[in-house]
Every structure is written in C-alpha cells, then in structure tokens.
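*Asks:* Protein chains in written order, with numbering that gives the first Met the number 0: chain Y, 0 to 241; chain C, 0 to 224; chain Z, 0 to 221.
Everything labelled a hint here was simulated from the structure, so no lab data went into it.
Hints may contain errors.
To be verified - Mimicking DSS-like on lysine-lysine, the simulated pairs with C-alpha atoms at most 27 Å apart in a straight line are: (1) Z:Lys191 <-> Y:Lys145; (2) Z:Lys191 <-> Z:Lys147; (3) Z:Lys91 <-> Y:Lys75; (4) Z:Lys147 <-> Y:Lys75; (5) Z:Lys68 <-> Z:Lys126; (6) Y:Lys107 <-> Y:Lys8; (7) Y:Lys145 <-> Z:Lys66; (8) Z:Lys66 <-> Z:Lys91; (9) Y:Lys238 <-> Y:Lys8; (10) Z:Lys126 <-> Z:Lys111; (11) Z:Lys147 <-> Z:Lys91; (12) Z:Lys111 <-> Z:Lys91.
Predicted model only: the values in this text are computed from it and were never measured.
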Amino acid sequence: MTIHRVIRKVQRFQGWFGGGAALCLMVGLYLGLIGSPPDYYQGEVVRIMYIHVPLAHTSLLGYTVLALGSLWYLWKRDPIVDNMCQAVAALTAVFTALALGTGMIWGKPTWDTWWTWDARLTSFTVLLLILIGYLMLRTFVDDPEKEARYGAILAIVGFVDLPIIHFSVEWWRTLHQPQSISMRGVSISSGLLVPLLFMSVGMSLLFSYMLMVRTQLLYLDRLLHAKKGRLLSQFHLSKSDS
Amino acid sequence: MTSFNVIRWIVWKDFVTELRSRETISSMVFFALIVILIFSFSFSMDQQAAREVIAGIMWVAFAFTGIIGLGKSFSTELQNDCLEALQMVPEAKGAIYLGKVAANFAFMFVVEILLFPMFVILFNLEVVEEISLLLLIFLLATVGLSAIGTLFSALTVQIRAREVMLPILLLPLVVPVMIAAVEATKGALNGDPLALYGQWLELLAVYDVVFTVVSFWMFELVMDS
Amino acid sequence: MIACHAIGKSYGHFQVLHDVNLSIAEGECFALFGPNGAGKTTLLNILATLQRPSTGYYEILGMHGLKDKDTIRANLVFLAHGTHLYDELNAKENLAFALALRGHRPTDRDVKQVLDRVAIGAFADMKIRHFSAGMKKRLALAKAMLAKPNVLLLDEPFTALDTAGTEILRAYVRERLSENGTVLLSTHDHDKTRPIASRAGILRQGTLQEVAVEGLKSDDLV
C-alpha cells in the first residue's frame with residue numbers, strides 16, 4: 000500500500016500553514032492585548048473579542064468545509080476525503096465549544112449573565128449539538144463505508160438547516176426579548192479591526208494546519224488497521240493449514 | 000407509473016399492518032397522554048398561565064410521540080430483514096421515501112387530531128373560530144417533521160443505539176419547526192390577527208419544501224451503498 | 000453470469016474477505032462452503048448489492064456491480080437469512096407486495112400456482128405471523144419463483160426446510176439452471192448440496208479456494 004498522493008503533496012507545504020498561523024497569532028495577540036486601546040464602553044473586557052470572534056468565524060468556516068467535503072465524498076467515494084471530514088468535524092466541534100465558552104465569559108461582565116438566548120449563541124449551540132450528533136453517529140456504525148456515507152448525509156442536511164435555524168431563532172428572539180442585549184452593540188473601530196484581522200487569519204491557518212495533520216493521522220491509522228487485518232488473517236490461515 | 004405504484008403499495012402495507020397490529024398509533028396516543036399528564040402536574044396552572052405555555056406543551060408532546068412513530072416506521076422493517084428487500088428494490092428509492100413519508104405523516108396527523116380535544120378539555124381552551132387555522136399549522140409542521148424524520152428513521156435503524164440516536168440527531172434539526180409551530184399555535188390560540196404570526200406559517204412552508212427535496216435526494220444514499 | 004474481481008471487505012482492522020476471485024458461468028451452480036464467520040454471507044450481501052466491497056469489483060450478467068446496480072437488482076433474487084416477509088400480511092399479500100416493488104403484477108392464477116408448488120396453497124390467506132420457519136422459507140421461495148430471476152443467490156437455503164421442502168428447492172434450482180440461470184449458494188450441508196452443485200469452493204478466513212464437488216467430504220468443511 001502506498002501513501003496517498005494527496006498526502007504527499009500536502010506534506011510538502013503544510014509547514015507554511017503552521018508557521019503562518021504562529022506568526023499571525025503572535026502579531027494579532029500583541030496588537031490585541033498590548034498594542035490597541037481599551038474600548039470606550041467596555042474597557043479591557045473587549046479584548047476577549049480577539050479570541051471569541053475568530054473562533055466563531057473559524058467554526059462556520061469549518062462547518063462549510065465539512066459540508067463541501069461530505070458532498071465531495073458522496074461524489075468520489077475516496078476514503079481520504081472521509082478522513083478529512085472526520086477530522087474537520089472534530090476540530091469544528093472543539094472550535095465551536097470554545098467560541099461558546101468565550102462568548103459566555105464575555106457575556107458575564109458585559110450583559111451581567113453567563114447565558115442569554117441570543118440568536119447567535121442559540122444557533123451556535125444547535126450547531127454544536129449537530130456536530131456532537133455527527134461524531135456520535137460515526138461511532139455507532141460498524142461498516143466504515145456506511146459510517147462515512149451516513150456522516151456525509153447528516154453533515155449536508157445540517158448545513159442546509161443552519162441558515163433556517165439561525166433565521167428562526169433570530170425571529171423568535173426579536174419577538175421575546177428587548178433589542179438592548181445584542182452582540183451588535185459592539186461597533187468595530189479601525190483600531191480594533193487590524194488585530195482582529197490578524198487573529199482571524201491566524202486562527203483559520205491554525206485550523207487548516209491541524210486539519211492537515213489530523214487527516215494524515217486518521218488516514219495512516221486506517222492503513223495500519225488494514226495492514227494489521229491482512230497480517231492477522233494470513234497468520235490464522237497459515238495456522239489452520241499446518 | 001411504477002414509482003406511483005410503489006408509493007401506493009408502501010402506504011397500503013403500512014396502513015394494513017397498523018390496522019391489524021394497532022401498535023404504532025395506540026402507543027403514540029398513550030405516550031402523549033402521559034406526557035400531557037406529567038406536564039400538567041409539573042406546572043400548576045391557572046387559566047392565564049395555561050395560555051402562555053399550552054402551545055409549547057402541545058408541540059413537545061407531538062414531537063416526542065412523532066419520534067416514537069417515526070422510529071417504528073423503519074424498525075418494523077427489521078422484522079425478517081425486510082429492510083434488505085427494500086434496499087434491493089430496483090430504481091424506486093424515492094418512491095419508497097414518499098410512501099413512508101405519507102404513511103408517517105398520516106399516523107402523526109391522526110394522533111394530533113385525536114389528542115387535540117384532550118388539550119381543549121383539560122386546559123379549557125376556546126378554539127371554535129381558529130380551528131381551521133390550527134389544522135393548517137398542524138398540517139404544515141407535521142409535513143416538516145415527517146419529511147426529515149423519515150430520512151433519519153431510515154438512517155438510524157441501520158446503526159447501533161438506534162432508539163437514542165433518532166432523537167439526538169433529529170431534534171436539533173427540527174428546531175425551526177418547533178419554534179414556528181409553537182409561535183403560530185400560540186398566536187392562533189390567543190386569537191391574534193393572522194398578520195402577527197403569518198410569517199411562521201411561511202417559515203414552515205419553506206422548511207417543508209426544502210427538506211422534502213433534500214431528504215428525497217438523500218434517502219437513496221441512506222438505503223443504497 | 001457472476002464474476003468477482005479481487006473483492007475484499009474489511010470492517011476497520013477486521014478483514015472479512017480477501018481478494019476473492021470467482022467466475023460462475025450461465026447454467027452453473029456454485030456451492031460455497033466454509034466455517035461460520037468465514038465471510039460467506041458478506042460475499043453474498045455484496046453480490047446482492049446490499050454492501051459495497053472495500054476493494055475490487057464484481058460483474059453480474061456483464062454489468063458492473065457498482066454502477067449498474069438497478070439493472071442487476073431487476074434480474075436477481077437473493078434468498079437471505081431473513082425471509083423478507085411481513086408478519087401482519089397474509090401469504091398472498093406478501094407475494095403481491097414483494098412483486099409490486101419489483102414492478103410486476105402477478106395474476107391470481109400464477110400466485111395460486113406457485114403457492115401450490117411450494118405446498119402451502121392451503122395457507123394462502125393466513126397471516127405470516129402464524130407460519131412456521133419452514134413455511135416462511137417456502138413462501139420466500141415462492142416469491143423467487145414469481146420473479147423469474149436470471150441470477151439466484153441463496154444463503155443457507157436448506158435451514159428450516161424439511162425433506163420435501165429441500166426437494167422443492169432443488170427442483171427449482173435445476174429449473175433455473177436449465178433456463179441458463181446462474182446460482183450461487185452458501186451452505187454447510189454437503190449431502191443436500193451435492194445433487195445440484197456443478198462447482199464448489201471453500202471460504203476460509205476470507206480466502207476462497209475452489210474444490211471438486213465429488214471429492215468433498217463433510218470433514219473438509221470445518
């Protein structure tokens with residue numbers, strides 16, 4: 000068995016992603032934590048935005064990649080694409096959970112509550128539930144081919160559903176809560192925009208780098224399992240012949 | 000023409016099985032009654048409070064009973080491995096899906112119609128004027144639940160821990176249906192003008208169309224490697 | 000005609016089938032022996048278009064098994080472990096339903112004829128729930144008879160069948176062979192299989208080895 004040609008290609012330039020991520024995140028963190036002024040209304044608290052917003056962006060990016068990868072898998076049925084989907088789902092789940100967590104931490108001083116049924120927080124919670132469902136589903140299927148196919152179906156249906164979920168939650172919120180508590184209270188001035196941009200790019204690069212490494216790991220793991228199966232059955236066969 | 004025949008035969012088979020075994024609808028109705036009972040114990044409600052929460056209770060009961068019916072829809076196909084026979088049907092996977100959706104919709108809708116009078120009596124509702132609107136809300140929401148629910152019933156029936164996985168996968172995906180159905184039902188029960196909650200009916204209609212199409216397309220991939 | 004080209008199937012690190020190469024011509028009946036867990040059912044499931052092989056591909060009636068599945072399905076009947084019958088329907092209704100899904104509409108006369116042929120004509124209006132395992136097997140066989148397939152896959156067909164039932168099944172297999180059908184069956188029962196099998200093979204640890212039908216003793220099968 001040979002290493003997949005995609006992996007050999009990726010291995011050649013994945014270091015650039017890792018290095019780029021480290022550089023962007025370092026510059027972004029410096030600008031965000033030290034090099035930028037505190038917010039007029041929120042004070043120092045606003046700095047958590049430099050982590051929270053990039054995490055949220057990257058989660059949405061990750062889910063988009065998951066949906067596209069799932070479509071690609073259903074079309075080509077290449078197992079390495081499924082390895083990529085599995086890796087991207089786990090990473091997106093972690094990023095979504097972190098985005099929710101930082102959102103809650105940000106919410107405590109600004110809105111004086113850990114949790115509010117804000118449209119974005121609610122949509123992200125549903126997104127996290129879908130991703131956990133996806134990861135659970137995969138562990139409950141015996142046949143790897145079926146596991147990949149069912150995962151892809153759930154990912155695509157969920158992707159179509161996400162805008163509808165967001166839309167319905169937002170409508171529901173405007174009916175039941177005064178507008179005052181809203182993420183949109185933060186107006187972004189250009190002083191905040193530069194570090195935010197660095198952090199967003201850095202977070203996406205970090206996500207891509209981890210995705211590449213994780214995909215390779217899952218792929219090599221599968222190769223190893225197949226090899227092990229082959230050796231085991233040859234061993235049993237030679238034993239039953241003698 | 001064959002496809003239409005397949006739809007008819009699937010619906011016929013599910014109806015005849017249900018008429019003879021009386022398993023699905025009776026278990027759904029009794030489960031729903033228990034849910035209603037538990038809810039009325041957990042909130043001690045006066046007339047005013049009931050108006051606020053009744054729509055929510057109603058749709059929680061409908062969704063949970065719906066999941067029971069949806070789960071049974073394909074778990075009965077495991078008897079004698081009938082699911083394999085459905086998977087080996089040449090070409091008509093979409094027709095099987097539509098037949099199953101029609102049967103599931105019918106079961107859920109019948110149960111909702113049977114339960115609704117219970118809500119009216121137990122919670123002293125006045126619904127004479129809004130009855131046709133309420134029926135329309137039930138219809139739209141139930142189409143959405145059965146369209147996506149049938150797909151996930153077929154998917155979860157082929158994996159381990161299927162009884163748990165159907166609600167875990169399905170409920171987050173039907174959040175829009177639940178929100179829209181509850182809001183619209185609340186509006187209708189309060190006698191609000193339709194303009195105040197008509198948007199929810201539109202949302203339900205959009206959801207129905209989108210997920211009937213998506214599930215119809217995905218069903219073939221669930222049934223067929 | 001059935002042709003397997005290096006079919007492999009694995010569940011994670013558990014390799015069920017190993018480069019299975021097999022070619023069965025028209026008018027041939029191939030008997031597949033092997034201990035439990037050797038992969039017989041998996042191979043039949045793959046050929047019945049129920050599972051996708053992990054490696055390799057197969058052809059049935061000259062059609063690619065991963066691309067022309069629908070054409071293959073229309074010409075193939077798989078009698079599996081499960082009988083594919085609905086407990087709440089009676090014998091006639093089960094036949095009508097199964098055939099309707101294949102796009103056929105058998106006449107009452109045909110239905111009566113096959114039910115008599117498998118000797119359960121007297122129970123045509125009885126719910127399957129009250130059938131014995133052998134009667135269900137016979138009804139499943141009647142379903143296959145109505146479908147008139149070119150390719151017949153049988154998974155342990157003799158289980159639950161009595162002597163008369165076995166004879167009915169063998170007569171049907173001979174009839175399909177005489178009409179240039181292809182039959183692949185998995186079994187443990189050498190004595191019952193010998194009269195109809197034209198070729199045989201043993202599947203061990205997912206590897207297929209062809210053997211002569213006549214030289215096969217029951218000891219070889221373990």
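*Asks:* Take a quick look at whether Z:Lys147 and Z:Lys91 sit within 27 Å of each other, Cα to Cα.
*Replies:* 17 Å, holds
*Asks:* Against the 27 Å threshold, does the CA-CA distance of Z:Lys126 and Z:Lys111 hold or violate the hint?
*Replies:* Holds, at about 16 Å.
*Asks:* Run the distance test for Z:Lys191 versus Z:Lys147: straight-line Cα separation, threshold 27 Å.
*Replies:* OK: Z:Lys191 and Z:Lys147 at ~23 Å, within 27 Å.
*Asks:* Going straight from one Cα to the other, do Y:Lys238 and Y:Lys8 come out at no more than 27 Å?
*Replies:* 41 Å, violated
*Asks:* For the pair supplied as a hint, Z:Lys66 and Z:Lys91, is the alpha-carbon distance within the 27 Å limit?
*Replies:* 34 Å, violated
*Asks:* Check whether the Cα positions of Z:Lys191 and Y:Lys145 lie no farther apart than 27 Å.
*Replies:* 36 Å, violated
*Asks:* Quickly compare the C-alpha distance for Z:Lys91 and Y:Lys75 to 27 Å and report which way the hint goes.
*Replies:* 43 Å, violated
*Asks:* Check the hint pairing Z:Lys68 with Z:Lys126 against an upper bound of 27 Å on the C-alpha distance.
*Replies:* Status violated; Cα separation ~33 Å.
*Asks:* Starting from Z:Lys147, check that the Cα of Y:Lys75 is at most 27 Å away, please.
*Replies:* Cα-Cα ~35 Å, so violated.
*Asks:* What's the verdict on Y:Lys145 and Z:Lys66, does the C-alpha distance respect the 27 Å limit or exceed it?
*Replies:* Distance of about 17 Å is within 27 Å: holds.
*Asks:* Keeping to a limit of 27 Å between CA atoms, is the pair of Z:Lys111 and Z:Lys91 held or broken?
*Replies:* Roughly 8 Å between the alpha carbons, so the hint for Z:Lys111 and Z:Lys91 holds.
*Asks:* Given the hinted pair Y:Lys107 and Y:Lys8, is their alpha-carbon gap at most 27 Å?
*Replies:* 46 Å, violated
The structure does not agree with the numbered hints 1, 3, 4, 5, 6, 8, 9 stated previously, though it agrees with the rest.
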